[in-house]
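**Q** For the protein sequence lines, the chains are A and B, in the order given.
Residues in the first sequence are numbered from 1 upward in steps of one, following the numbering used here.
Residues in the second sequence are numbered from 1001 upward in steps of one, following the numbering used here.
Be aware that a few hints might be false.
To be verified - The calculated DSSO-like cross-link candidates involving lysine-lysine, where the alpha carbons are at most 30 Å apart (straight line), are:
hint : chain 1 : residue 1 : chain 2 : residue 2
1    : A       : Lys382    : B       : Lys1119
2    : A       : Lys157    : A       : Lys170
3    : A       : Lys517    : B       : Lys1119
Simulated from the structure, these hints should not be mistaken for laboratory data.
These figures come from a predicted structure and were not determined experimentally.
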Amino acid sequence: MSKLSSTRTRSNQSHTRSIRDELEKRAWIQNPKLALRLRNRQADEKRHNISCFESTRRIRSWQDRTLLTIIAVLLLLFVVRTETAIADEQTWGLEMKSDSGVFTELAVNTDIQLDITGLVARVEITQKFTNHGSHWAEGIYRFPLPADAAVDRLRIKVGERLLEGEIQEKEIAKQTYQKARKAGQTATIVEQQRRNQFETRLANIGPGELIEITIGYLQNISYSDFSYHLRLPMTFTPRWEPGHISPPVPGVVTAPVPRLVPAASATGHQLALQARIISTAEFAAIESRYHDVDIRQLENGYTIELLNPDELNDRDFELSWTPALQTQPSTSLTTFNDGESVYAQLMLAPPLADSITPQAREVIFIIDTSGSMEGASLAQAKAALGHALRSLGSDDHFNLLQFNSNTEQLFDQSVPVTQHSIYLAQNFITGLNANGGTEMATALTTALSLPDIPQLMRQVVFITDGAVGNETELLQMVAQDLNNSRMFTVAIGHAPNSWFMRKAAEIGRGSYVHIAKPEEVAEQMNGLWGRIQLPALTDICVEWGDSAEYYPEIIPDLYAGEPLWLLARLPSEPTLIGLCGTLNGMDWTLDINGWDAASSAPGDDNLAKLWARQKIEALEDSLMFGADPELTRLEITGVALDYGLLTRHTSLVAVDKTPRRDTADALARTDIPGLLPPGSSTQLAAYPKTATGWLAQLFLSAFVLLLSSAMLLFSGSRLPMTKHSTT
Amino acid sequence: MLRRHWLLAAVSFTAAVFSFDALWIPVKAELAQHLLERAWLRTLAGEPNAKPWPWADTRAVAVLEVPHLGLREVVLEGSSGRNLAFGPTLVNTRRLEESSDRVLSGHRDTHFNFLKELKTGDLLRLRTATEIRDYRVSWQEAVDSRHQQLVIDNNMDRLTLLTCYPFEAPTAGGPLRWVVTALPES
Chain A
1 MSKLSSTRTR
11 SNQSHTRSIR
21 DELEKRAWIQ
31 NPKLALRLRN
41 RQADEKRHNI
51 SCFESTRRIR
61 SWQDRTLLTI
71 IAVLLLLFVV
81 RTETAIADEQ
91 TWGLEMKSDS
101 GVFTELAVNT
111 DIQLDITGLV
121 ARVEITQKFT
131 NHGSHWAEGI
141 YRFPLPADAA
151 VDRLRIKVGE
161 RLLEGEIQEK
171 EIAKQTYQKA
181 RKAGQTATIV
191 EQQRRNQFET
201 RLANIGPGEL
211 IEITIGYLQN
221 ISYSDFSYHL
231 RLPMTFTPRW
241 EPGHISPPVP
251 GVVTAPVPRL
261 VPAASATGHQ
271 LALQARIIST
281 AEFAAIESRY
291 HDVDIRQLEN
301 GYTIELLNPD
311 ELNDRDFELS
321 WTPALQTQPS
331 TSLTTFNDGE
341 SVYAQLMLAP
351 PLADSITPQA
361 REVIFIIDTS
371 GSMEGASLAQ
381 AKAALGHALR
391 SLGSDDHFNL
401 LQFNSNTEQL
411 FDQSVPVTQH
421 SIYLAQNFIT
431 GLNANGGTEM
441 ATALTTALSL
451 PDIPQLMRQV
461 VFITDGAVGN
471 ETELLQMVAQ
481 DLNNSRMFTV
491 AIGHAPNSWF
501 MRKAAEIGRG
511 SYVHIAKPEE
521 VAEQMNGLWG
531 RIQLPALTDI
541 CVEWGDSAEY
551 YPEIIPDLYA
561 GEPLWLLARL
571 PSEPTLIGLC
581 GTLNGMDWTL
591 DINGWDAASS
601 APGDDNLAKL
611 WARQKIEALE
621 DSLMFGADPE
631 LTRLEITGVA
641 LDYGLLTRHT
651 SLVAVDKTPR
661 RDTADALART
671 DIPGLLPPGS
681 STQLAAYPKT
691 ATGWLAQLFL
701 SAFVLLLSSA
711 MLLFSGSRLP
721 MTKHSTT
Chain B
1001 MLRRHWLLAA
1011 VSFTAAVFSF
1021 DALWIPVKAE
1031 LAQHLLERAW
1041 LRTLAGEPNA
1051 KPWPWADTRA
1061 VAVLEVPHLG
1071 LREVVLEGSS
1081 GRNLAFGPTL
1091 VNTRRLEESS
1101 DRVLSGHRDT
1111 HFNFLKELKT
1121 GDLLRLRTAT
1131 EIRDYRVSWQ
1141 EAVDSRHQQL
1151 VIDNNMDRLT
1161 LLTCYPFEAP
1171 TAGGPLRWVV
1181 TALPES
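Okay, chain A solo, but in the shape it has when bound:
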């Protein structure tokens, strides 16, 4: 009220004053004596006016402020509403991700060079980034590498210049890269995101330019059944993997899942590959499992090239070669002396299958019948179990356990294989239903505490999808209670917890197979059975000498047809390495003389790097057994920096010193997708937007409505009074 009346008063006053001013002005011109009086009066009035005006503003402001606030809230509501409406219509897609509103088109082609010497492959992957757009670009590309690769090199080729990359601690590498990226220098960084997932970022690729990045790594060749094998992963299989972060922990960023597109809708992704096998031996066969290749014999070996020049990198590359003479690799020792330490690799040759007499065993099957095994998984598990029962020998003993929330065992103690016991087991299997929780620990304890049968090796075959939350605890149990038993894990279904299953088998000195589809049951179970039946050399121990650091720490059994690799770091050249074990149920020993060792050429530090890679893996595993994460991180970083290896905590980074992009020019960022494997039955879709936000909108608008109507009523009731006061 006061506000309204004061405004009126002021306007009246000013009106009166202007007439009076005019009169007084005239009077002043006629009589200068009046001037002083007038000036005093004017100053007085001015002072009065100011105070009047100020109080008016103060009074006006709280009401206006409220009004402004509610209008602002209303506007906010409007914005939120529109945003939701837009979000509804948008389909998800990251075709182009740009941080400066400029879009560009980037393509990546891949060249692979493989050099195979003995049992190690040196692989160089060259990613060629081409910028087809008219703006400066940054490309992000995710690609797979074998999980056991020792990644140690990065090179970048800008025009004619070659720049070597270096290993830096992850965060420092990131900063190095970001700084160079901002400054307009061409820079690249390679990071490890998951065990087999890596990411390249390449910044400042000029319009129309081609920049090549070469990533180098070492990989062990595998050997089985008289042939050598090498597999290079090329793309990812889209798989629905249940996460371990649910609900997600704020601040914890999970590695982005690679984006995949069908080949038809992608540019680039062409693959060129050349392999060289350095060997003086003749090969009976060289085969590429998924690609057509051209093979040529040279003086010192073979070269293998892809036949199709337009090959796409949408499927894995697998090469296997078989020496003409069916000689198996013999047990051998290779060393490398770097002046400080000696790195030794001991290859333990596999015994021939006919030199092994299968031993009678006690096999305990554990089958998971928890709710998550429901449906196809249980059907596959039952099929696998049926297959296993049929493969049992007449001297074997067996038992069968099922578990969900409770554990149930078929026999009190393991029984010999007879028609009757097999019949009972088959009935037991038929009656299995999936239901309830996953109490794996009780099942394990029960199985491992069954009474021993003298002279028989105990093998535990665990069939499950591994959907457990207490992996660490279970792995510790396996480590502590397994004693002399062996643990074999059979993972069932499309998305088993494969890490857990693989580790359990590693600790249990057994092996791990994965059955994804019903068609695979026979093949996978036969493979597993081959190994279970013929563990040639068991309980292996190696005496490396004092202060040796060796990996793997738990030495697996040696199976027919497959050699074992052991790596150690020793303080000095080995003189004698003592091996012991059990062969065909008898004690077995072997001494290897240090002077029989073949030495790596000076500068060929492959052995040191392979050893360091194993050490890092062992450190990563130690996390699962309660190692301190921060200490482990520091330790891994230390080893990685010493040996120049890319790990989860260290990255390779390369920077061109000369800035090329004018920092005023925009840099467009593109997330380059990988290719979907051909013939994959999967369809990739966007996550729909699934929230309306109506509740928040209702609250806000109701609040505004309440406030504004209250104000309307409040000032409305005073309106007649103010009118009255002025009239």
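Since chain A is already given, all that's left is putting chain B on it; use the hints.
**A** What follows is chain B alone, placed relative to chain A:
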């Protein structure tokens, strides 16, 4: 004086419109389900393209039931923003009958609000025109839609329910999704 009154009146009016607009969302979601029930009956009677209302560009393809919550919702074909306003929708682009890996999505604050109450092992029943299938919740997790694509793999037999996450977020449009995976009961 009058100017402020007009302004206040305008604000009140707009706020009222917004309130009704907000309220209309759950009301529409509820009302549409009644109309959809009728369309569903026509689907069951063998009508191949039973539109819930004459101008609709979608059809009722299934009914999702959660017995222990006493819940029943008619599922629409096509996961567009418009369809989501009326009911849970089928994300698959293939027809439901031809898909074994079925993905349904719904608004977290209307039809799929119940997802927050689901527990592992809960029974979900999906009625299609030709069959009735029972599924049990096998796992639940939150995913980040910026980093993950939705994988539909018809080699698999499962039912997936999707909605936005967190359930109580004040605004719509966040990147997180809540994913409930259920496997068929044999």
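**Q** Please verify whether A:Lys517 and B:Lys1119 have alpha carbons no more than 30 Å apart.
**A** Cα-Cα ~27 Å, so holds.
**Q** Would the pair A:Lys382 and B:Lys1119 pass a check requiring their Cα atoms to be no farther apart than 30 Å?
**A** holds (27 Å)
**Q** Within 30 Å, alpha carbon to alpha carbon, are A:Lys157 and A:Lys170?
**A** holds (23 Å)
Against the hints set out earlier in the document, no violation occurs for any number.
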